[in-house]
Amino acid sequence: MIGMPELEQLARQSILSTLDLHFAELMGRLSANTSPELSLAAALTSSAIGKGHVCMQLNSFAGTRLGNPVVCKLPSRTDWERQLRACTVVGAPGDFAPLILDNNGRLYLHRYWRYEQEIAHALLRRASMPAGGVDEAQLKQALDRLFPEQTALAPDWQKLAAAT
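One gets the working numbering by counting positions in the sequence shown from 1 and adding 550 to each.
In case anyone wonders, no lab produced these hints; they're calculated from the structure. Yeah, the Cβ is synthetic: ideal placement off N, Cα and C, and Gly gets one too. Careful: at least some of the hints might be erroneous.
As a list, the in silico DMTMM-like pairs of lysine to aspartate or glutamate whose alpha-carbon atoms are at most 25 Å apart [to be verified]:
| no. | residue 1 | residue 2 |
| --- | --- | --- |
| 1 | Lys601 | Glu631 |
| 2 | Lys601 | Glu587 |
| 3 | Lys709 | Asp685 |
| 4 | Lys623 | Glu587 |
| 5 | Lys601 | Glu686 |
| 6 | Lys709 | Asp652 |
| 7 | Lys623 | Asp652 |
| 8 | Lys601 | Glu556 |
| 9 | Lys690 | Asp706 |
| 10 | Lys709 | Glu686 |
| 11 | Lys709 | Glu699 |
| 12 | Lys601 | Asp652 |
| 13 | Lys601 | Glu575 |
| 14 | Lys709 | Asp694 |
| 15 | Lys601 | Glu668 |
| 16 | Lys623 | Glu556 |
| 17 | Lys623 | Glu575 |
| 18 | Lys623 | Glu558 |
Restraint-style ranges between C-beta atoms, simulated for each label pair [to be verified]:
| no. | residue 1 | residue 2 | range |
| --- | --- | --- | --- |
| 19 | Ala672 | Asp706 | 34 to 42 Å |
| 20 | Leu569 | Pro619 | 23 to 31 Å |
| 21 | Ala647 | Ala672 | 58 to 66 Å |
| 22 | His671 | Leu569 | 51 to 59 Å |
| 23 | His671 | Ala702 | 47 to 55 Å |
| 24 | Leu580 | Glu666 | 20 to 28 Å |
| 25 | Gly613 | Pro555 | 19 to 27 Å |
| 26 | Ala672 | Gly613 | 32 to 40 Å |
| 27 | Lys709 | Arg675 | 27 to 35 Å |
| 28 | Ala582 | Ala677 | 35 to 43 Å |
| 29 | Ala712 | Pro619 | 21 to 29 Å |
| 30 | Glu666 | Leu693 | 33 to 41 Å |
| 31 | Lys601 | Gln708 | 33 to 41 Å |
| 32 | Asp652 | Ala702 | 57 to 65 Å |
Turn these sequences into a full structure, and let the hints guide you.
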């Protein structure tokens with residue numbers, strides 16, 4: 551069983567931060583059907599974001615033990631996903647819920663899931679556009695303006711680099 555005392559112990563071991571604990575507590579209060587697994591998943595998701603990730607991958611933690619000495623053993627990915635999907639604060643991609651759990655076992659804050667989707671769509675849109683041709687006369691004019699003629703006999707390497 552993983553409760554707030556265990557999460558606090560993980561914070562004392564610097565595995566989680568105080569922010570992670572408060573976020574886990576908030577998700578527990580907001581959920582109509584809270585569970586220790588939700589609290590832990592919320593805390594680990596907050597921790598992952600604090601470390602620069604956009605989500606927490608359940609596979610990275612499922613079935614492992616946290617803490618030294620061990621504070622808790624985490625559920626298998628299958629059990630953890632089932633428990634999280636039963637929580638009202640966890641939705642599927644496209645749902646409006648504080649936490650989004652996708653089919654690959656990635657748990658996001660809704661905002662970060664949305665950001666990732668927007669970036670992915672923008673990249674796909676740009677990748678599907680035909681590449682535009684270069685107007686060589688306009689390019690030469692711009693390069694000549696930025697890199698005026700030099701009297702030296704050596705090539706202007708900066709101008710050549712900019713041209714490529």
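For each hint, the structure was consulted:
1. Lys601 x Glu631: Between Lys601 and Glu631 the Cα gap is close to 23 Å, so the pair holds against 25 Å.
2. Lys601 x Glu587: holds, 21 Å
3. Lys709 x Asp685: holds, 17 Å
4. Lys623 x Glu587: holds, 11 Å
5. Lys601 x Glu686: violated, 45 Å
6. Lys709 x Asp652: violated, 48 Å
7. Lys623 x Asp652: Holds, at about 23 Å.
8. Lys601 x Glu556: holds, 21 Å
9. Lys690 x Asp706: With a Cα-Cα distance of about 14 Å, the restraint between Lys690 and Asp706 holds, given a limit of 25 Å.
10. Lys709 x Glu686: holds, 14 Å
11. Lys709 x Glu699: Holds, at about 10 Å.
12. Lys601 x Asp652: Between Lys601 and Asp652 the Cα gap is close to 20 Å, so the pair holds against 25 Å.
13. Lys601 x Glu575: This hinted pair holds, its Cα atoms lying about 20 Å apart.
14. Lys709 x Asp694: holds, 8 Å
15. Lys601 x Glu668: holds, 21 Å
16. Lys623 x Glu556: holds, 11 Å
17. Lys623 x Glu575: holds, 19 Å
18. Lys623 x Glu558: holds, 15 Å
19. Ala672 x Asp706: 34 to 42 Å: holds, 36 Å
20. Leu569 x Pro619: 23 to 31 Å: holds, 24 Å
21. Ala647 x Ala672: 58 to 66 Å: At 24 Å between Cβs, range violated.
22. His671 x Leu569: 51 to 59 Å: The hint (51 to 59 Å, Cβ to Cβ) is violated, given that His671 and Leu569 are roughly 30 Å apart.
23. His671 x Ala702: 47 to 55 Å: This hint holds: roughly 48 Å between Cβ atoms.
24. Leu580 x Glu666: 20 to 28 Å: Check passed, 22 Å falls within 20 to 28 Å.
25. Gly613 x Pro555: 19 to 27 Å: holds, 22 Å
26. Ala672 x Gly613: 32 to 40 Å: holds, 36 Å
27. Lys709 x Arg675: 27 to 35 Å: holds, 33 Å
28. Ala582 x Ala677: 35 to 43 Å: holds, 42 Å
29. Ala712 x Pro619: 21 to 29 Å: With a Cβ separation near 59 Å, Ala712 and Pro619 fall outside 21 to 29 Å, so the hint is violated.
30. Glu666 x Leu693: 33 to 41 Å: holds, 38 Å
31. Lys601 x Gln708: 33 to 41 Å: holds, 39 Å
32. Asp652 x Ala702: 57 to 65 Å: With Cβ atoms ~58 Å apart, the hint holds.
Against the hints set out earlier in the document, violations occur for numbers 5, 6, 21, 22, 29.
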